[in-house]
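Undergrad: Quick note on my numbering: the sequence shown kicks off at 68 and runs consecutively.
Hints are computed from structural coordinates only; laboratory data are not their basis. Where is the CB? At the ideal position from N, CA and C, for every residue including glycine. Keep in mind that a hint or two might mislead.
What the hints assert, rightly or not - Taking lysine-lysine pairs in the BS3-like style, the calculated list, with each CA pair at most 30 Å apart, reads:
#	residue 1	residue 2
1	Lys513	Lys378
2	Lys211	Lys262
3	Lys337	Lys210
4	Lys211	Lys291
5	Lys296	Lys139
What the hints assert, rightly or not - Pair by pair, the computed Cβ-Cβ distance ranges are:
#	residue 1	residue 2	range
6	Phe394	Asp293	34 to 44 Å
7	Gln382	Ile412	41 to 51 Å
8	Gly178	Leu98	20 to 30 Å
9	Val231	Arg255	42 to 52 Å
10	Lys139	Arg255	50 to 60 Å
11	Lys296	Ile412	32 to 42 Å
12	Gln382	Leu294	37 to 47 Å
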Amino acid sequence: MAGLKGLAGDTVWYGLSSIIGRMITYFLTPLYTAVLLTDEFGIYTELYVYVGFLYAIYTYGMETAYFRFASKADQSSSEIYNLSLSSIILSSLTLSAIICVFAHPVAAVLGYAGHETVIYWLAMIIAIDAIVAIPYARLRLEKKAKKFAFIRLFNVILTVLLNVFFYVICYQIIQGTLWPELQDTVARHYDMTFKVKYIFLSNVLANATVLILLHKELRDFKFKIDLHKLKPILSYASPLLIMSLAVVTNEMLSRAMLKYWLPEGFYPDKSNMDILGIFGACYKLSVFMLLGIQAFRYAAEPFFFSNAESKNSPQLFARVMSGFVVFNSVVLLAVSVNLQPISVIFLTNPDYREAIYIVPILLLAYLFSGINYNLSVWYKITDRTKYGAIITGFGALLTFGLNYLLIPTMGYFGSALATLATFFSMTMISYLLGRKYYPIPYDLPKALEYLLLSSIGSVALFELNLGHWAVNFLVKNTAVLLFITYIYFREKKHLSGRIIFGFKIP
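Between the sequences and the hints, there should be enough to build the whole structure, so can you do that?
TA: Put into structure tokens, the structure is as follows:
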């Protein structure tokens, strides 16, 4: 029970930093969709897909490897920290230097010749993100969730303020409505032909401050490369690199490949970059599912490893899974039925809303992604990470194949279906293998019951239109409350006597 309370407490703090942080940055979406054309938003979407792939390469599974080895009783956590961070610093600086050297040909291949500065900024963003990953992991391992949350929130708020400066204040200065004496100076230096670049500049500047805020963790660090001691860490991490690349492929490939695999003219009067921008903007609405999953992941990984040796760990992990499925089934239904008002708020330009019907599919896909993450405990704590690489590698191949087949015939709807099929398949494979190597008594019938009710309700209620927005809102959210009530009575014997959000369950 104490373990579950600790996990819940850490998840709250990680959740606050993730949810508040993501919600703050999410308010940038109306700003971006207001100042960027759909094809410009497509550029932003495409470049951040590449950032995702490169981040997986830069970190090469060292976060999880650090947790695994630093959690062992026979290991010095400070030495593991020094070895892990030294390896990341050396590789990150090397890789970013290579990217900067080849910035001109890279920009030309991507179709952004003349904008090599963005490539330099991307190299800096990824290097800093990779380097701070290990200090962040140390904070999580030491259960310093409050400091972790503060630093991440500060970074997010600064990013938002910088975006407001570049896209609101600078715009007003150029138009002469604010500080007209600066109009000529700002107009001379502001690039109106490639406005999307200021998103990346904002991230570079904000990320640099993280290094300052993590000064204690970096000051305690001593650079150390010992190949003999690094070998088992890298051996554990190497399958995780393959797994990370495959995960990024599963999550992001569709957004990159729309540009290339969608037949030009598939959507009348829209270029492929327009469609990529629209798809990318609607994809962001799945953030409501991703927020909770990300918060859970921050807390769960150190929790899983710290409880790995407990004789009751299988039962404990099963209860964690049950709570995860219950909570996110409610999120799936609640977000899906309210997508229309949500899209009006966050997608200010109506052109971006045409793909909104794919969002329930993406929400369900990411719910399965979270379940798959829960299931991954069996190969992580038994040091069978090669199976994780095999499962996610299969998922990557499936993602590639399904997108290749479905995008030319079904557009972004096919891409959303491919994402769902991939995460569902990976979940089933991991579950079946886990039963063999590390049996955990999951309550499968009940989990399937909640998932089916939530999924069917999400699709049916999203399509329901009773004419007036108020009637729609009332009926749809009444259905959500009925679902929550049903769960309460199904789970009452497990919840009785517990305190949730300050209320004691009778």
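Undergrad: Determine for every hint whether it applies to the structure shown.
TA: Now the hints, each set against the structure:
| no. | hint | result |
| --- | --- | --- |
| 1 | Lys513 <-> Lys378 | 24 Å, holds |
| 2 | Lys211 <-> Lys262 | 38 Å, violated |
| 3 | Lys337 <-> Lys210 | 49 Å, violated |
| 4 | Lys211 <-> Lys291 | 25 Å, holds |
| 5 | Lys296 <-> Lys139 | 14 Å, holds |
| 6 | Phe394 <-> Asp293: 34 to 44 Å | 43 Å, holds |
| 7 | Gln382 <-> Ile412: 41 to 51 Å | 42 Å, holds |
| 8 | Gly178 <-> Leu98: 20 to 30 Å | 25 Å, holds |
| 9 | Val231 <-> Arg255: 42 to 52 Å | 21 Å, violated |
| 10 | Lys139 <-> Arg255: 50 to 60 Å | 58 Å, holds |
| 11 | Lys296 <-> Ile412: 32 to 42 Å | 52 Å, violated |
| 12 | Gln382 <-> Leu294: 37 to 47 Å | 40 Å, holds |
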